[in-house]
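If you're matching them up, the sequences are chains A and B in order. Heads up: the first sequence begins at 0 in numbering that gives the first Met the number 0, then just goes up one per residue. Heads up: the second sequence begins at 0 in numbering that gives the first Met the number 0, then just goes up one per residue.
Where hints are given, some of them may not hold.
For chains that are exact copies, the list does not tell them apart, and a pair is met inside one copy or across any two.
To be verified - Heads up, simulated DSBU-like pairs for lysine-lysine below, C-alpha to C-alpha not over 30 Å straight-line:
(1) Lys141 - Lys154
(2) Lys113 - Lys141
(3) Lys24 - Lys113
(4) Lys204 - Lys53
(5) Lys239 - Lys212
(6) Lys154 - Lys245
(7) Lys24 - Lys154
(8) Lys141 - Lys24
(9) Lys226 - Lys128
(10) Lys245 - Lys155
(11) Lys141 - Lys128
Simulated from the structure, these hints should not be mistaken for lab results.
Number of protein chains: 2
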Amino acid sequence: MADTRTKLTVVKVGGKIVEEESSLKQLLENFATIEGHKVLVHGGGRSATAIATKLGIESVMVNGRRVTDAETLKVVAMVYGGLVNKTIVAKLQAMDINALGLTGADMNYMVSNKRPVGEVDYGFVGDVKAVDARLLADLIQKDIVPVLAPLTHDKKGNLLNTNADTIAGEAAKALARYFEVTLVYCFEKRGVLRDEHDDESVIPKINKQLFTKYVADGVIQGGMLPKLENAFEAIDAGVKQVIITKADAIDGKSGTLVV
Amino acid sequence: MADTRTKLTVVKVGGKIVEEESSLKQLLENFATIEGHKVLVHGGGRSATAIATKLGIESVMVNGRRVTDAETLKVVAMVYGGLVNKTIVAKLQAMDINALGLTGADMNYMVSNKRPVGEVDYGFVGDVKAVDARLLADLIQKDIVPVLAPLTHDKKGNLLNTNADTIAGEAAKALARYFEVTLVYCFEKRGVLRDEHDDESVIPKINKQLFTKYVADGVIQGGMLPKLENAFEAIDAGVKQVIITKADAIDGKSGTLVV
């Protein structure tokens with residue numbers, strides 16, 4: 000059966016791209032060329048670390064995640080929710096893209112549980128619990144372009160620092176009820192590589208069967224494993240396709256297509 | 000002719016109240032008791048000054064307004080758009096109030112001109128040019144409670160630092176097309192005072208005729224003059240009434256009623 004729903008592209012970009020003026024400009028110009036409805040999800044970790052340092056707050060990372068105590072939470076609320084998010088929104092508006100910057104607390108669209116204290120106490124870090132995309136979908140239908148900051152809330156009055164990849168995946172899954180969703184994960188490589196030392200060795204298309212084979216053969220390993228697991232999880236939950244690519248190719252015409 | 004439109008209360012609160020945890024808690028509890036649709040407009044100047052100082056940025060004020068150079072703009076984007084705004088949104092969500100934090104760039108609801116350089120160069124400070132409250136009104140009808148940060152944009156890619164009293168007045172005027180609007184300005188006194196040294200000398204009700212008389216008699220002077228001029232301007236533009244009161248009385252049952 001053909002999917003006749005309206006197309007929506009959810010693009011997740013890392014911190015570095017949105018934090019430097021020239022790369023942000025290029026990114027937003029590329030983003031503008033995406034046809035149809037779209038959503039932008041951003042990071043901002045480098046700026047958060049820089050501001051935290053200036054404020055005399057030490058940045059503690061465990062397994063690549065920021066330990067978020069009360070003071071660090073204030074920093075990420077400022078940097079992700081204010082500086083990075085609103086800068087992007089203002090720049091998109093100048094390109095006649097009707098952007099709306101959001102955290103999960105806004106319109107209560109994404110609620111998380113504060114991560115339980117295990118071997119590590121990550122502090123005010125959220126694991127997504129529930130997504131209500133109804134109002135978001137309404138606004139997207141009205142040509143609003145949501146710009147999602149990597150912050151959710153616990154519905155008990157606390158903001159929670161939340162991984163941007165997760166936000167993008169969860170938003171894409173919830174919006175798949177209303178749209179035919181393509182999820183684009185941007186990172187520093189041109190796609191999933193057959194040979195990590197050869198940037199030209201991009202695997203153009205991958206399905207679960209191929210994924211299992213590549214993992215068994217040791218072709219796919221390290222940080223690419225959770226990325227692809229998330230991608231297949233999104234597809235299982237109704238997202239049409241996931242593209243893993245470089246930020247200069249978010250039109251989806253290159254990179255690795257996960258189906 | 001009776002005004003049969005839906006009621007909307009726009010409450011503007013200063014920085015100090017929203018920047019201290021105990022007074023913010025009390026304010027939001029009072030705000031929650033307001034019946035019908037509502038909007039909260041906040042400041043955040045004290046926090047901006049504190050963060051700027053920690054970041055080694057000097058705060059320069061001229062005629063009570065912050066001179067906003069590029070570095071200071073980043074601070075107010077962080078503090079007003081991120082820290083203060085999103086903290087309020089998360090706390091309202093915990094009270095089952097479906098808040099949505101916005102700057103003027105979000106949904107392009109409020110566009111400003113960068114203030115021309117005169118005797119003073121205020122930098123990235125905005126004078127409101129246009130308000131499009133259609134989407135805002137739509138969301139309010141769906142029981143969303145907008146929380147407005149004192150930031151607008153120039154539609155050319157720049158955020159602009161904008162006086163919160165002005166944001167409240169302009170939003171109230173634009174929303175008066177869709178709702179029967181009461182605008183509540185909170186400040187440190189119980190209302191407009193007959194005798195500035197007597198907190199009990201609140202003028203309960205004032206119209207233009209009385210205002211002219213009080214100004215001529217020297218009863219109303221100083222900072223209260225622009226406040227009341229703004230109030231009458233809002234009423235001339237369709238706002239039903241303006242209440243000037245203390246933050247603990249935002250239910251509108253005390254203070255000075257401007258009609």
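- [ ] Starting from the hint list further up, note which numbers the structure goes against and sort them upward.
- [x] 4
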